[in-house]
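Visitor: Chains as they are written, first to last, in numbering that gives the first Met the number 0: chain A, 0 to 180; chain B, 0 to 180.
Treat the hints as calculated values from the structure; they're not laboratory data. Bear in mind that the values here come from a model prediction, so they are computed numbers and not experimental data. Any given hint could be a false lead.
It does not matter which identical chain is meant; a pair holds if it fits inside one copy or across any two.
[Claimed, not checked] Result set (DMTMM-like, lysine to aspartate or glutamate): computed pairs, CA atoms no more than 20 Å apart in a straight line:
1) K1 / E141
2) K77 / D117
3) K6 / E60
4) K1 / E60
5) K129 / D52
6) K68 / E4
7) K17 / E79
8) K2 / E67
9) K2 / E147
Listed here are the chains, written in short residue letters.
Protein chains: 2
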Amino acid sequence: MKKFEEKTYETETIYQGKIVQLNIDSVTLPDGNTSKRELIKHPGAVAVIALTDEGKLVCVEQYRKPLEKSLVEIPAGKLEAGEDPKTCALRELEEETGYTSDDLELVTSFYTSPGFADEIVHLYFTDEIKTMEKRPDGDEDEFVELLEISLEEAEKLEKEQRIHDAKTAYAILYLKLRAAR
Amino acid sequence: MKKFEEKTYETETIYQGKIVQLNIDSVTLPDGNTSKRELIKHPGAVAVIALTDEGKLVCVEQYRKPLEKSLVEIPAGKLEAGEDPKTCALRELEEETGYTSDDLELVTSFYTSPGFADEIVHLYFTDEIKTMEKRPDGDEDEFVELLEISLEEAEKLEKEQRIHDAKTAYAILYLKLRAAR
Chain A
0 MKKFEEKTYE
10 TETIYQGKIV
20 QLNIDSVTLP
30 DGNTSKRELI
40 KHPGAVAVIA
50 LTDEGKLVCV
60 EQYRKPLEKS
70 LVEIPAGKLE
80 AGEDPKTCAL
90 RELEEETGYT
100 SDDLELVTSF
110 YTSPGFADEI
120 VHLYFTDEIK
130 TMEKRPDGDE
140 DEFVELLEIS
150 LEEAEKLEKE
160 QRIHDAKTAY
170 AILYLKLRAA
180 R
Chain B
0 MKKFEEKTYE
10 TETIYQGKIV
20 QLNIDSVTLP
30 DGNTSKRELI
40 KHPGAVAVIA
50 LTDEGKLVCV
60 EQYRKPLEKS
70 LVEIPAGKLE
80 AGEDPKTCAL
90 RELEEETGYT
100 SDDLELVTSF
110 YTSPGFADEI
120 VHLYFTDEIK
130 TMEKRPDGDE
140 DEFVELLEIS
150 LEEAEKLEKE
160 QRIHDAKTAY
170 AILYLKLRAA
180 R
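So here's chain A without its partners, still in its complex pose (with noise of 0.2 Å):
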């Protein structure tokens, strides 16, 4: 659907980072007038509601420097240049918790913030994980902690705040409706 669309007549590049890009477009609105927008390139991420055998959610605790605050979060991670969802998202349910999956199932996906950034997250779901013999490295400047929560304590963090991130506020109500049917 390209309804109202924004023709671009100019586009600046004025960051090339490891994970974002940002771009200045120049645009042609649909009454003729132009302005600009500030766009964020993003490579995309991938997102795992994994089960352990006993309902716990598998969540991992770390550090956001965008908030200077750590966060509960449900594993999660960008994806690599070509690389498939699904594919990342057990290389990050591995490297983040050292369970795998044979039965990963896509969930959603979703952009997390249409207005100024082009990132989308693919969501999914596992009741079927166990623990690998070795669990592999990860990204080496990455730290992580485990946790296996019940919905009632993952309740409680999201009203402590310490789970605060779309996907997981996502996943908690994913389980809430899988437990209300």
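Based on these hints, arrange chain B on the given structure of chain A.
Guide: Chain B in isolation, oriented as in the chain A frame:
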């Protein structure tokens, strides 16, 4: 919580735009090594799950330049400097839809992309809306079209990826859970 804190020893501001600011922070990691973090500063946003008297979800369709397509989303917008989130939510509801409400209730808030951005969305709910005599003017460079859809229609649009963003995906689960109770 400051677990695995990354201490900043240098901040470089690459860009200060109308909406986003891009900083590169040089940080010391928990193991003493150093790294760089690409950080997007954003003013934060609000969104509203608003139901009509017939139980339809109020949505707007608009062009999302980062995705180069239009999306159907719940009404939303950016916080102005110092603006109270609830005041902002009411303002955006009024400007984008021509509905107003005396009864906005906070559902939750979440960071959309905690890995690279500090954008937070404050999400409100109301099933008490009324049509305004005159819809206030919104941003002059914003073009939106009003839609009122059933939950079933929303799920269909989500399957077709015309609904495809985190806050609206969350809203759909929220309404499904509400209907299941």
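Visitor: Enumerate the violated hints, using their earlier numbering and listing them in ascending order.
Guide: none
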